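Student: Given chain C, put chain L in place with the hints provided.
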Amino acid sequence: MGFWEQLASNLVFGILLGSVYGLATMGLSLIFGVLRIVNVGHGAFLMIGAYAAFWLFTLFGLSPIASIFMALAVGLALGFITFYSVIKRLIGAPELSTLLATFGIGLFIEELAKLVWGPDYRGYSWDTPYISLGISAISFSKIYALLASIVIAFLLFMWFKKTKLGMAVRAVVEDKEGAMVCGIDVTRIYALSFALGIALTVASGVLITLFVPVGINPYMGGEYTLKAFVIAVLGGLTSPWGAFYAGFIFGLLENGSYTLLGLIPDVEPFSLTRFIAFTTLLIILLIKPTGLLGGEEM
Amino acid sequence: MRWILLLSILVVALFAGCAQQAEKPKATPAETPAETPAQTPAEKPKPEVVTVVIGAPLSLSGKYAKEGQMSLWGVKAAEKWINEIYGGIKVGNKVYKIEVKYYDDESKKENIPSLVERLITSDKANFLLAPYSSGLTLAGAPIADKYGVIYMSHGGASDRIFEQGYQYVVQTLSPASKYQTAFLDMVKELDPDAKKVAMIYEDNEFAKAVFAGAREHAEKLGLEVVFDKTYPKNPTDLTPILSEMAAKEPDVVIGGGHFADGQLLAQQMAELKINVKAISILVAPALPSFYEALGTKAEGIAAPAQWEIGAAYSPDAAKELGIDWFGPTQDEFLKLFKQFAGSDKQPSYHAAEAAAAILAYAKAIEKAESIDSDAVRNAMNDLDFMTFFGRWKIDPETGKQIGHDMVVIQWQGGEKKIIWPPSAATSKPYYPIPTWEEKDQGKLAVPE
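Going down the list, the protein sequences come from chains C and L.
For the first sequence, counting from 1, position 226 maps to 226 in this note's numbering; every step adds exactly one.
For the second sequence, counting from 1, position 35 maps to 333 in this note's numbering; every step adds exactly one.
So here's chain L without its partners, still in its complex pose:
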């Protein structure tokens, strides 16, 4: 009996698999125009609707599942805005509609090359979104470049990606070397006496690029880097490296890598009672789960962020700079995001940067009046516009993002506030931050 049951399940599964296989080519008509007569008014000449396929390896499981899920929701929101609210990208007699095709890359580097190849060759992707993180982005870049398909990084910040001579790799987010520079600028401005900077960070592509940039910037500002050491991936215990750092008596600490180690860094600095005037940790403090996990210990801890709800990017701000505005406003984006993520979810910057990458494609197609890879890539060189995520302008040579600015956030009284640069700030910086002992007694980092 059991065998019959098993066999029948197997047969059904096999059929389902085959059916999906058979459907696949039909589901992605990359270049073939799809008929949508109902949408076109009778008096106008019927525009030809062309689907533009943007392929994306997304980390929906594995260690970047959190960021990957956010990216997907952001991508969906941007896709919906372009196709439904904006009405598609109108070029001559054609209307380009975006279709994002994605696969779960399981957060694994080794999956990226084959997924990128599959998206280009069998899914006929016109353009690509790079996966999350610098390491994964680097893994797919040579493949995309070989096929001459534009590969837009929205979560790969490392500067090294753009130093390999790739022609088709472009960036939407600020490069890693800029991550901690705004924080150092802030310290310099608030406290001329703060001299000693300690850097403690994860040994990975992204963090190394961040702290190479930070070291250079610190030295330019006349600060002294008294400690500069890395810890390996997934550390269980940072006590040894932290006690060594404490011995150098730094004024400010900058560090981190991703989520778990960022939380660990803050937690163990608290346990070891290492008090400094300011702390800026990469990635981890930018998410609400940081405060949930650490409670009042998180008070005063700062983080660089690509974007934050409340960041002051608007059509008016764009006009002031004399550049175009494109895409939904922040409020419109939040509304769209919630349609996909659920009304209780707030977008992190991972969602915003992924959405901005899709919007940049739309803007570039509009400018190029074509979906040809080379034409769009050339058009990108001249683009300078603003979305709700901030400014978008690339270095024509390398494709590196040079228009976008980072903001610094700080946890103040259980809320995440933008404290730097002053033009985007939603609150004043709290400096110096309360000691761990003061925080234990319930002191919050709320400025008067």
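The shape of chain C in the complex, shown without the other chains:
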């Protein structure tokens, strides 16, 4: 396989991976955008989604595509529960309190998952057709993941722009007092936004298993939390749409740079890809400190 073929194939896989990264970050950005809370326990919710896909498939043979809807429902419920039990008390609290609280929630969920499901690395085999690309191949499950994340992002976008509730959320972001004066129940909007953010994160956990159906374990979320933070910052932190685009950029950089780095003799290209991805982030932030879509809030 020639250089260009390899680059092209890696860029294609980069786009596919990026779509999953994008959706996995939208929840984080949404919660920060509305509540100004950094959800450090992000990865734990994502892990719940991955397990949901695994269990629904293994126990009931449910297609992971259908699991996305289940995950959204589970995520909403989980989000409301977490909001009313913990987060509600932390609105307007100093950053350290919210960081500690969300960190604690994350740990709690991970350890609970380990207690209930055990520390095994799980996975499922959902056989889908594949498209042959000469020497490599793309399985349909990855394409489904791409489509699903675009559809979910689009629906969310429409919800924010067109529905009353969506507008109420935007109103709260823009001017909390003003929204209150207009009779919007700010706490309810907070609860809803938080739950939506969690639902997106849990759903993206399902998408991750569409991309990689193995290695599902209670601590799998950590890696994605780190990447999600980077992608969120890249996208402007408060903007879910920015996060979605930034996910694609990150995926492309991570996979695409591999081929280019492979041209340098005596380096381990894979270890450098992350370096390149993070360096690009720094450069973008130097040029545009507010992130790609920074300032352009919901």
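What the hints contain is simulated information worked out from the structure, not anything from laboratory work.
Quick caveat, the model's predicted, so the values are computed rather than measured.
It cannot be assumed that every hint is accurate.
Below 20 Å or equal to it, Euclidean Cα-Cα: the simulated EDC-like pairs (lysine to aspartate or glutamate) are [as the list claims (entries may be wrong)]:
1. K643(L) to D120(C)
2. K527(L) to E268(C)
3. K531(L) to E268(C)
Computed footprint of chain C on chain L; a stretch qualifies when at least three of its residues, placed anywhere within it, have a C-beta under 8 Å from a C-beta of chain C [said to hold, decoys possible]:
4. 353-363
5. 518-530
6. 554-562
7. 569-583
8. 589-602
9. 676-689
Even for Gly, the Cβ is constructed at its ideal location relative to N, Cα and C.
Tutor: Quick look at chain L alone, frame taken from chain C:
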């Protein structure tokens, strides 16, 4: 009301904490003999029962939780065998009983030095078990060595641990450099035409040591290493590196690192339809969850293992080699293991190697007739014996394990079989393995 409730919970928790603190020194009487009059028959002189504390940082949470839990069960089984079935280690008028004191290291390197120090200074551990993995083992080694306490590696295979000049670090499992050598020997023997080897592995202490050893061995066997690249920790997507590897058209692939990446490697080779004659992946395929996760895609995939249920180590095998046997037989170990792990659990090699480390301590104390660190360390230099885990003999200079041998396992028809070396094998090797397309159609790697 709420505040009162909260306050009272806090007060109770505080008291509980204090009570535990107060109890701690009492709970670990390291050197003080404990009286157990009920156990001693009246006619014999009452032996003095001395508790030997073995301190262990174990990964009970975090990314090595799986291996850590297995280690703990193995340790418990060995402890029970020594104290109850063997009746303690009898030296002169003393009976040494083992007590393992452990803390959860959360699978984090940065926790190890302080835990090791705490085990030595405040828990008065006489001996130490190193934590799981090479990285964590390395983190604690200088502390143990500084205090002159023996630090037995049961999950740290990297050769580099034993190249630092430590006096008190010894090893129970085979060193990393030996992990993939048996597999390469097998390929060489089965197929003289297989020439091209690809190596694709995680960028970590352990895997690097494994593949440095593998490269050396491959070249010695006259094989050509056509691809030798690493991927970073916790990869999400191996497609780029795998497509580059596929372009080199290797005959066999050896690779891996730990659990998640090992599963990912097999899964993505299947997705990209990269067909080779044989695959050996570190760690991941050695556990049943590998087959559960990958299904028939796992067929034919091999892995090196320190130990496997069915490995032919027995008192008779020891006699044949002219060495001592020590510890429970495999069946006895399985029974003991299940008492702690539950009857539905099977030990992985992590449990066996941890148990063997404890047994080696007992054997060495018996030989040294003392629990003095230097005496036991010296006694270890002359030990050559066999447990259910295999042979135990260290290089006196470095403490590196040289007696123990690896086995190669392969998934055949949903079962894990030992295929190499022939003396320990429970099945013939299946070679070359079915292609991914054949496996999709349900072909299994079961030899006739």
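Student: Hints broken by the structure, by number, lowest first?
Tutor: Failing hint: just 9.
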